[in-house]
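Engineer: Listed below, chain by chain, are the residues.
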Amino acid sequence: MYYYLLFAVIALSSLVIKGLFLCFIPPHKIPPFFEKTLRYIPPAALSALVAPSIIYAKGAEGMVISSPRILAGGLAFLVAMKSRNIFVTIVSGMILLWAFSCFVPF
Amino acid sequence: MTGPKEEFFRGGRSVMPILIGLMPFAVVFGFAMKDASMTGPQSTFFSLSLLAGASQLAAVHLYAAKTPALIIIATVIAINLRYSMYSLSLQDLFQKRSFGERLFAAFIVSDQSYAFTMTEVEKNPQNSLITFFFLGASVCIYMTWLAGIFLGYNLGTIIPAGLSLDFAIPLVFMSLLIPHLKGRDRQISALSGAVAAIILVPVLPLNSGLLVAMITGICCGMAYSSVKKKKVD
Chain A
47 MYYYLLFAVI ALSSLVIKGL FLCFIPPHKI PPFFEKTLRY IPPAALSALV APSIIYAKGA
107 EGMVISSPRI LAGGLAFLVA MKSRNIFVTI VSGMILLWAF SCFVPF
Chain B
280 MTGPKEEFFR GGRSVMPILI GLMPFAVVFG FAMKDASMTG PQSTFFSLSL LAGASQLAAV
340 HLYAAKTPAL IIIATVIAIN LRYSMYSLSL QDLFQKRSFG ERLFAAFIVS DQSYAFTMTE
400 VEKNPQNSLI TFFFLGASVC IYMTWLAGIF LGYNLGTIIP AGLSLDFAIP LVFMSLLIPH
460 LKGRDRQISA LSGAVAAIIL VPVLPLNSGL LVAMITGICC GMAYSSVKKK KVD
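Residue numbers (the working numbering), protein chains in the order written: chain A, 47 to 152; chain B, 280 to 512.
Be aware that one or more of the hints could be misleading.
[Stated by the list, open to error] Where chain A lies over chain B, by a calculated footprint (3+ residues, C-beta under 8 Å):
{"no.": "1", "segment": "304-316"}
{"no.": "2", "segment": "330-340"}
{"no.": "3", "segment": "344-356"}
{"no.": "4", "segment": "370-383"}
{"no.": "5", "segment": "386-399"}
{"no.": "6", "segment": "418-429"}
[To be verified] Mimicking DSSO-like on lysine-lysine, the simulated pairs with C-alpha atoms at most 30 Å apart in a straight line are:
{"no.": "7", "chain 1": "B", "residue 1": "402", "chain 2": "B", "residue 2": "313"}
{"no.": "8", "chain 1": "A", "residue 1": "82", "chain 2": "B", "residue 2": "313"}
{"no.": "9", "chain 1": "B", "residue 1": "284", "chain 2": "A", "residue 2": "82"}
{"no.": "10", "chain 1": "A", "residue 1": "128", "chain 2": "A", "residue 2": "104"}
{"no.": "11", "chain 1": "A", "residue 1": "128", "chain 2": "B", "residue 2": "313"}
{"no.": "12", "chain 1": "A", "residue 1": "75", "chain 2": "B", "residue 2": "507"}
{"no.": "13", "chain 1": "B", "residue 1": "507", "chain 2": "A", "residue 2": "128"}
{"no.": "14", "chain 1": "B", "residue 1": "345", "chain 2": "B", "residue 2": "402"}
{"no.": "15", "chain 1": "B", "residue 1": "375", "chain 2": "A", "residue 2": "75"}
{"no.": "16", "chain 1": "B", "residue 1": "313", "chain 2": "A", "residue 2": "104"}
{"no.": "17", "chain 1": "B", "residue 1": "509", "chain 2": "B", "residue 2": "461"}
{"no.": "18", "chain 1": "B", "residue 1": "345", "chain 2": "A", "residue 2": "104"}
{"no.": "19", "chain 1": "A", "residue 1": "82", "chain 2": "B", "residue 2": "345"}
{"no.": "20", "chain 1": "B", "residue 1": "509", "chain 2": "A", "residue 2": "75"}
{"no.": "21", "chain 1": "A", "residue 1": "128", "chain 2": "B", "residue 2": "461"}
[Said to hold, decoys possible] To be clear about the criterion: a stretch of chain A counts as covered by chain B if any three or more of its residues have a C-beta under 8 Å from a C-beta of chain B, and this derived list gives those stretches:
{"no.": "22", "segment": "66-80"}
{"no.": "23", "segment": "108-120"}
These are calculated hints, taken from the structure and not from any lab test. Glycine included, each C-beta is placed from N, C-alpha and C at the ideal position.
Taking the hints into account, I'd like the entire structure generated from these sequences.
Structural biologist: In structure tokens form, the structure reads like this:
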């Protein structure tokens with residue numbers, strides 16, 4: 047019973063956060079300052095999600111700097127800018143990562 | 280002219296590339312629940328009641344370590360706070376939708392479906408059926424997530440970590456980021472968000488580095504644009 051109670055609270059509190067502005071705080075109650083942030087949420091959020099997973103690999107002892115990831119990620123970013131194509135970016139990024147992992151040991 | 284159904288499937292198809300990276304993560308989460316000796320009904324309940332991968336994995340680890348409930352709940356909230364920003368960002372698109380539909384959107388939104396939807400908005404601002412695109416993308420991701428959990432729970436870690444398939448996720452986010460880099464202010468926002476995340480994510484507790492980095496990026500972009508405006512005046 048403890049289990050279901052705990053995880054129901056977890057699910058509900060997360061739903062409140064996820065729906066905070068979609069469901070619970072109506073647009074007219076949002077301070078105008080927040081409207082100015084809108085333009086920057088996607089670029090800031092995406093780059094903050096991307097950057098650490100390019101720089102670090104998750105190992106047994108936490109996050110470690112990984113040079114194959116940095117090299118492959120940096121080149122893949124150039125590919126992404128040039129090609130503007132997700133599949134081309136994934137395929138070249140993964141192949142570069144596998145190649146660098148073979149030749150760059152850390 | 281395409282209809283709601285076409286937009287739904289177009290959304291679903293658009294997220295296909297990221298499923299390669301999402302699958303191993305879901306498998307790891309499924310296996311983590313098994314490893315934490317959660318029963319079938321318990322893990323089914325947790326998988327169906329929430330979609331927020333990183334926080335769920337953290338919750339399972341803490342639960343397995345017999346952490347006090349309040350700390351588990353606080354951790355999950357800290358990791359999920361960034362969703363409130365997605366919620367703010369999506370508000371405009373869902374203005375005309377009913378409360379129930381908005382609640383469902385809140386339930387099913389993920390980093391991935393948010394990113395694909397906002398990139399679609401950036402490319403086609405006129406798309407009036409964007410909510411169907413969002414729904415298709417989100418449902419496709421949720422189904423894959425559940426399938427991966429099922430595989431991981433029952434079969435164990437079947438995807439070798441040596442393949443580094445998790446790297447596919449930043450690769451996809453990277454190409455989704457490109458269309459949002461129009462304008463110097465947004466470039467500065469992205470760059471400062473990235474630098475802040477590299478510095479803060481490994482050092483701040485409870486994954487809160489990610490949220491602080493996002494806020495840093497947003498503030499730097501706003502600061503740049505207000506300084507720029509003052510110069511023009």
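Engineer: Determine which of the earlier numbered hints do not hold for this structure and return their numbers in increasing order.
Structural biologist: The structure conflicts with hints 1, 6, 7, 8, 9, 11, 14 and 19, although it agrees with all the remaining ones.
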